[in-house]
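Visitor: Please arrange chains D, V and B on chain S, whose structure you already have, making use of the hints.
One line per chain: the protein sequences are S, D, V and B, in this order. The first sequence maps to residues 1 to 316 in our numbering. The second sequence maps to residues 1 to 345 in our numbering. The third sequence maps to residues 1 to 367 in our numbering. The fourth sequence maps to residues 1 to 339 in our numbering.
Just so you know, the hints here were simulated from the structure itself, not pulled from any lab data. Treat the hints loosely; a few may be bogus.
[Unchecked claim] Here are the computed lysine to aspartate or glutamate pairs in the EDC-like style, where the Cα-Cα straight-line distance is at most 20 Å:
#1 B:Lys268 to V:Asp101
#2 V:Lys306 to B:Glu304
#3 V:Lys309 to B:Asp225
#4 B:Lys268 to V:Asp245
In case you want the letters, here they are:
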Amino acid sequence: MEVEKKETQSKETIRRSERQAFIDNLKFSLYLLRKNPLVMAGILMVVFFVVTALLSHVLVDPATAGVYDFSKNYGWSKDAWFQWGVQARIIDEFHVFGTDGWGRDILHMMILALPLDLSIAVAIVSGAVAFGVCLGAVAGFVGGKLDEAILRITDIFFAFPGLVLAMVFAAVFGRNMVSLVMAVLAVWWPVYVRLIRGQVLAEKERAYIQALKAAGLGRVRILFRHILPNTIYPILVQATLDLGGVILTFSALMFLGFSPNPAMPELGNLASDGIGHFFEAPWLIVFPGLAILTIALAFNLLGDGLRDVLDPRLRR
Amino acid sequence: MKIYVYIIRRLILMIFVLFGVSVIVFVLARGFPSALDPAAMYITEHTTAEQYAKIVEDHGFNKPLYVQYFYWLQDVFGGDWGVSKWAASQPTYKVFFDRFPYTVELTVVAVLMTVAIGIPLGIISAIRNNKIEDHVSRLIALTGYSTPSYWMGYVLQLIFFYYFYMWGLPYLPNKGMVDEFLLGTIPRVSGVPILDGLLAGNLTYAWSALVHVLMPAFTLAFISLGTLARLIRASMLEVMRQDYIILARSKGLAERVVIYRHAMKNALIPAVTLTGLLFAGLLGGAMITEYVFTWPGVGRMSLQAVFQGDSNFLLLYSLVLAAIIVFTNLVVDVLYAFLDPRIKY
Amino acid sequence: MTEREVLLKIEDLKLNFHTYRGEVKALNGADLTVYRGEVLSLVGESGCGKSTAAHAILGLLPDNAYILGGRIIFKGEDLLKKSGAEIREIRAKQIAMIFQDPMTYLNPVLTAGTQLREVFDLNEDFLKQETILSLENPGRKPDYDIYLTTRTSGETAQDARVSKGDLKATANRLSRDFLTLTQLPDPERIMTQYPHELSGGMRQRVMIAMALARRPYLLIADEITSALDVTVQAQILQFLKALRDKTDAAILFITHDLSVAAELSDRIAVMYGGSVVEVAPTAELFQRPLHPYTQLLQKSIPDVRKVEKRLDSIPGFVPDMISPPSGCRFHPRCPYAREKCHLEKPPMIEVEKGRFVACYNYEVQAS
Amino acid sequence: MKGAILTVRNLKTWFPMRGGILQRISGYLKAVDDVSFDVLEGETLGLVGESGAGKTTVANTLLRLVPHHDGEAYFKDTEIFSAKGRDLRNLRRSMQIIFQDPYASLDPRQTVMSMLMEVLRTHGIVSDKSEAREKALELLNKVGMTDEHLFRYPHEFSGGQRQRIAVARALALDPVFMFLDEPTSFLDVSVQASALNLLKDLQADRRLTYVFISHNLSVVRYMSDRIAVMYLGKVVEIADKKVIYVSPEHPYTYFLMAAIPVPDPTYKRKEVLLTGDIPSPVNAPSGCRFRTRCPFATDRCTREEPPLTEIRAGHWVACHYVGSLDFEKIGAGMAASAA
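Just chain S, same shape as in the assembly (with noise of 0.2 Å):
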């Protein structure tokens, strides 16, 4: 009987102080993100964002974004919609951000287009983090003529200026979502690939890898079980900032005109209605861009301070 009381009672201390380390570590994150106010405006944000986006379709019925029929070919010109004959681009007491082109309240666009938008940023950003810490990894792990050549392929993509890449590759393989993603992801996925190649590199060279090393273990199980794992604070903050930046882009090119559907509810989309008539009606493009400005200011808080809070050197 004694034995098995020290028994349980060893293994209860033990799931004790797993617990109490994880305890530990999360009260002193959130000590350091009380310090920060920006930090808690930021995480009320994307709560708030993420909690519309999912009940949207509750909150506006999506019907009433109207269906644009591809068996007409409008062409490109955007007035061929004025045929529905219904009241456009007023602001009045029913409709508080006004309507659009097609007569539909600006205000429920937009929270029709939050789902979409997040999806997409979500989508994006975790394609590249994938396709950044399989090249980034190996390059940083191999090294040699491999990781020369992984570096100069991503100078070159590094080299493009601005989103000329993305409009040519959606304007090549046509204005569908899975090209438009695509377009952006073959534009982002660079910067993980150097950041995870760094991080590796910085750790590979610390002491307790050497030390797994001469306790024989496989190259491949260091990169996957120790070296990654400890990269991955660098990559959240990355990826938490980069979910503002991938809206911003890809909004930007729905702005300009690669939408694939006139009248898809998504944030830069229903902008780019207001742009031959922004004096008459400057809430076409005001407030939709209000809500990407917000969006990505959102995650840019967040990351931000994510960054103060997972600082190394703050840890220890």
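Guide: What follows is chains D, V and B alone, placed relative to chain S:
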């Protein structure tokens, strides 16, 4: 001896990068004739089927891609960058370099604004760390970082052009790079309006050019001054934690002297690198701002080129800007060596 | 021993650091006296507060440090009550500090010369006086004795007009002289070099020159030999011993290495857990250590001459300063710990002339 | 030598320095240059020298953490640098290393349990979880720690405790040979003594062979049986510890021993000082590398590199003028000039 070896090595790498850029754009622009027909630049509404076939034959558009690439290279080295139909079929080279100085002017003024506002913002938020000034400047920086440039452009126009005009206040123009009635009144030397105005001694021209560039340049600057401010804040905080700052204080130096003589020099070195990258980034990013302000730069034209399917212009645009981006990085790295004595090549 | 003049007296200094884990109680009543012209070693393990106390003297503490109590009397005045400008004046002319790792304490982007000349900008009077002397007789050899004697308070700056150019030239000359004083070969070249171009030993000598150039009354050396190789350490120690006899400035030598302290100092103060536990003349401290910690510390140091003796290690671990042990902070590891040691912190008492110890039962094990 | 468990012959570890446009190799940083020594079974060989001597590089090269340039090394008749597959795995099991910085030698994201488990499972020493936990507890007790430390993260331990965990992890593979790369230089004196005693007891208990690397000569004297002194990538003297401290033959060893601080104020140290600084290993001096600082240096030392010769049983020195050096004269000369 060392430094020029490094430069030569970097120049060779640069050629490789430009080659890579040209291949990618070439494959995209010429590889999918159904989407982007290279022959489109040479046909008019009433070219017949055989004429079309003859054009395709002459220009070798039907040949395998790598053969086309060599033809393209031959032409390019011969100075022939093809023709841009949508710009009255003028040679693409002329179309591009007529308007290129305008983009340069816009970007340079934007970078100057970024530096002028970003560095003080960063220093203040570092020195007044975690106090009100720090949070305010961080908020400005992050807002700039998250603002869609087109939204910023239109909002500025709405206020400083439309409403100011309505309220009778002195308003900023929102179109073009100089007043219409002044166009062409002075000889074109560098092509940069402000510079040409000054060179020609025509102050009204130069002033009008400056006034025109303010709003678009600020739109561009607002996005990047956040990045610069944040970097300066981070590097200032990092430097202020260093041991040699403690030694400087232990010498009895006033805090002001410690910051300006010891901390500043170390903290601003990374800013040089970032300013170089920002300049390169703005060159590309100017596209949307030029579109919003109808600024006659190459960025706006590249947008038209994409919609018009003009692969000649896109190739030229990508290569010239890529060359500038890579060259700026080289200049910045070499400059880094002069500022930080520890780095030797 | 005649009653010597007291230069610096730290009385019951209490200091905490705010960290995310809680309050680090770095100093809980440190008492220390430095006499004029002596070499006092402050010995203790990491975390005992020796470096914190030194930084507190000059007010160089990080901003998460809070002084809870106590006084630092320097030449009769409490430094803690002084204003920023007054403290800077003292740092510039009265107390100079040399730091541990020469690699990080010199500014990497400024030449050694610039960083050394800077010291003279704040010593206008000394600079002006030297300029006048060198103008009167140009061929004058550098008078190292003057450089090393601390300034008498009477030295006021003559009001003779001296040109900026002369002052700058003298600053250069003085910088070279002080580099030669610290046995640095070819000072001319070193002035133009950047810190990363110098070796560890040379960088440390540049820092020593910076300190001596201020002709201070008190020189604080914070572990200045710990980051150096054995042979370079020996060079610096020999220089300090020679310096000790030539200058009338007091040296507060902070180290964790009892052997280095043995070689250099007139008196040794041992610190543990944020307070001074024993102070004694060097020879007596080694022959008859009174505090249990000093005894155990001496037994756990490997002595290159005695080969077979198995080292005694001090049981337990270095105390956690966030929740330190009550009363005397050494009681968990002390073989003689009694009930009283758990309750109250033992006061520092003068057991014999010049010998202090903070322990309740030092008589028990001394007899 | 007879009974040697590790023999090293003409080991060279050169790091290529690349320059020029095509990044061709323009020279070598000869961190370890033609080093030969033996380590007898069950003894502790002290490897001593100042920074830049190449002590750590020797250990890293022999453990194949750093590529070797030339030379061979045999560990119990297995050639280390050409070992592959099964031989290499056995080498990895029998030779282990303890690093200097306790804060960097443990993965911050792993608990002690998963650290030990991983090593045990990789080499198939343990089949299932419960046996692994038992073995882990046994290892922890062997290094003086208890089961409540099992599920803690490295940042919850002091420097001394972390070093003990690193030792436990090394012991998990039941090695016979261990490199100790300055294991106690980060620890305080009081904790250092208990760590050194732990290593000594483990050596006696499991008949381990150590190479103890350090720049602290008093600690090396306490731990070692024989001592090898290195200067700028070369071994200059190897001798039994009783001999080398009392009557060193190589000038550098003489200055090194004279520079050791001693915890006794009455001890009058020889007024002997090595001047100048350690030259950069990139363009090391020709011939004998110590000639730039050696008071006895002649032009022969510049031309000809002195080979490591056995002047007496077990006493090797690399100097042209062994035996004919009058250290006393040097001592007196220096004392005069220093006054």
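Visitor: All hints are to be evaluated individually against the structure, with a verdict given for each.
Guide: Evaluation of the provided hints:
About 28 Å separates the Cα atoms of Lys268 (chain B) and Asp101 (chain V), which puts this hinted pair outside 20 Å; it is violated. Using a Cα cut-off of 20 Å, the hinted pair Lys306 (chain V) and Glu304 (chain B) is violated, with the two alpha carbons roughly 38 Å apart. Annotation: proposed proximity of Lys309 (chain V) to Asp225 (chain B) holds, straight-line Cα distance about 14 Å (limit 20 Å). Annotation: proposed proximity of Lys268 (chain B) to Asp245 (chain V) holds, straight-line Cα distance about 17 Å (limit 20 Å).
Of the hints listed earlier, those the structure fails to meet are numbers 1, 2, in rising order.
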